[in-house]
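Q: Chains U and F, in that order, are what the protein sequence lines are. First residue of the first sequence? That's 1 in this note's numbering, and the numbers climb one at a time after it. First residue of the second sequence? That's 1 in this note's numbering, and the numbers climb one at a time after it.
Among the hints, erroneous ones may be present.
If several chains are the same, the list does not tell them apart, and a pair holds so long as it fits within one copy or across any two.
[As the list claims (entries may be wrong)] Below 27 Å or equal to it, Euclidean Cα-Cα: the simulated DSSO-like pairs (lysine-lysine) are:
| # | residue 1 | residue 2 |
| --- | --- | --- |
| 1 | Lys157 | Lys267 |
| 2 | Lys32 | Lys298 |
| 3 | Lys324 | Lys220 |
| 4 | Lys7 | Lys32 |
| 5 | Lys79 | Lys359 |
| 6 | Lys324 | Lys79 |
| 7 | Lys157 | Lys22 |
| 8 | Lys157 | Lys266 |
| 9 | Lys90 | Lys298 |
| 10 | Lys90 | Lys359 |
| 11 | Lys90 | Lys267 |
| 12 | Lys97 | Lys7 |
No lab work stands behind these hints, which were simulated from the structure alone.
Spelled out, the chains give:
Number of protein chains: 2
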Amino acid sequence: MSINFAKIDTPALLLDLDKLEKNIDDIASFAKEAVVAVRPHIKTHKSIKIAQRQIEAGAVGLTVAKVGEAEIMVAGGIKDILIAYPLAAKPKLERVKKLMEQAKVIVAVDSVEQADLLEECFDPKNPLNVWIKVNSGLNRVGVDPNEQVVELAQHVKGLSGLRLDGIFTHAGHSYAASSTEEIETIANEEAAAVVTSAELCEAAGIPIPNRSVGSTPTFKIAGTVEGITEIRPGNAVFYDMVQVGLGVAKREQCALTVLSSVVSVKKNRIVIDAGSKTLALDQGAHGNASIAGHGFVKEHPEFVIARLSEEHGVIPVEGTVDVKLNDRLTIIPNHACVVANLFETYLVYRDGKVIDEWKVDARGRLQ
Amino acid sequence: MSINFAKIDTPALLLDLDKLEKNIDDIASFAKEAVVAVRPHIKTHKSIKIAQRQIEAGAVGLTVAKVGEAEIMVAGGIKDILIAYPLAAKPKLERVKKLMEQAKVIVAVDSVEQADLLEECFDPKNPLNVWIKVNSGLNRVGVDPNEQVVELAQHVKGLSGLRLDGIFTHAGHSYAASSTEEIETIANEEAAAVVTSAELCEAAGIPIPNRSVGSTPTFKIAGTVEGITEIRPGNAVFYDMVQVGLGVAKREQCALTVLSSVVSVKKNRIVIDAGSKTLALDQGAHGNASIAGHGFVKEHPEFVIARLSEEHGVIPVEGTVDVKLNDRLTIIPNHACVVANLFETYLVYRDGKVIDEWKVDARGRLQ
């Protein structure tokens, strides 16, 4: 049944509950079959309600990037959180300490210098759980997966305020892949970076029970590699046009859309009320050639949202088109994670009806 | 005096009060000399406190894009607002009606069809003020500044629920100019589009007392053209790297910066805690060749923030650099308007001290 869009003020963030549930179940089924734990990254949805559904579906805990996100999720009842970010600033670490009273918290470590800064803040009576982040090719944070990881692991082992029991990576460079084969190669390298690092550490006498990989394009491949124990997909809860462009999802799987209205119809263009403050400017996280414009218009697949200003999207047209003022256009965004962060709430719908409104709880928690 | 950044958690949005006041005064001085009214666009700052300062400096009212922004500003005591957007949806018009109980509200009109939809919602006892928006070359919304504008004006004049007394335009295509001469040409065309349209209407017996131009790159040129009565700069309250790239402002005038921290130092790169959820991906609203990377790093002008993921910025480096974990980097954003919209508050500083925290009141008011 098609939802009665005419009554909804725009722009609005629509969440298809059936698709959301299917996406959560898909991840859970994959993980069950591959015998890996799931620790979804909540940067995509920033919603307690969605996080709780992920936990109900079997996730062992959550992944976040920010202490502020962790605080929101712990307040929402989540008990196990990986802050996948190399924290080192004292005010943030004091907040982590506080969170540890209510939940298990793990923090990323990616250098000896950072480990020493953590050590200054945590004491042996209540040590901080840390996982080493390795660089599997994204070349962002992360230690290289060679003897450097062993050196770091040995250093961390010598610090009484830290408790090391995991190694993880994020193969974000898979977003720039130009073929399914390239995604496969990256996924295998991602898993190898973690497994090799863990084995090097274990050969040096340091057990690494947790071996975690991430990234929506790669998790279904990397998650099947022998020795991997956990996956951390984020975007796969919604999917978006970047994932469709990569061949990772079909448009039908995309659970998140932006409802916009036509605000002006001119002889060679249509203007909608969704601009860069609504759809963001992402056209593929690291460059995705198959993205045309700024989102996919479901009612008119032939439309290209060619340019955005802050509150306008411009769709060039030729000849007469069957579109008039106040018509609704539903847009699958290029990058769901940044779009959700621009809205206050999700309008959650099922069977053609909006049945709930969920807060984007951790929206804009930048610190 | 330099502010003690070490105590501020990051990423944070810093507002230099001296620079802000100077930018507000500069606009006011220009307007006084050119004998034009000022109606700043608040999409840049979305702050009641800043809007109030603009009014105190002599602004006759404000410009907004969204009804939600107007509501916030009217609640903050502002009495005169142009909603520079061709509204046509009933729920939004009902909200406008409500606002009219507390403030003078003007709405943009850019087609006969839209005017008829407005007419359905407003009655002759309390007519809606409308200004016709003309297209001066941006090719977004707006009627063409020829006989079409007269046809529209005559149509509006025949509607008893509407009261027409202005024509305005926005020359946003000036953001894509490649030289000062091109900005000058665009600014003169912008003013001509409004003045010519107003004269055509007056020749047809429809007085147009308000003739308003906008756009930060052009307002100081278009505002001096004979027949123009009002300017509506937005970005000029802060300025940013896009304006610096256009030659419209100097870096020293930029009032808004993002304070970030170094979170990882590797042999060929530095990683900071400001990504696309902090700095946005803008590199010039409509393509600005002089922008390098994703913002200007004040402490290290040689740094280029080459890529952003959601919560990381990556700065490639060669050889040894004098940067360590937790060092603060202060970034002038490429596009201030979208960056402010990503934060909850401004940290307002003067004489090396944070003296206040101002809310981004209308943040994310998309409807």
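Q: For this structure, which hints from the list above don't hold up?
A: 2, 3, 4, 6, 7
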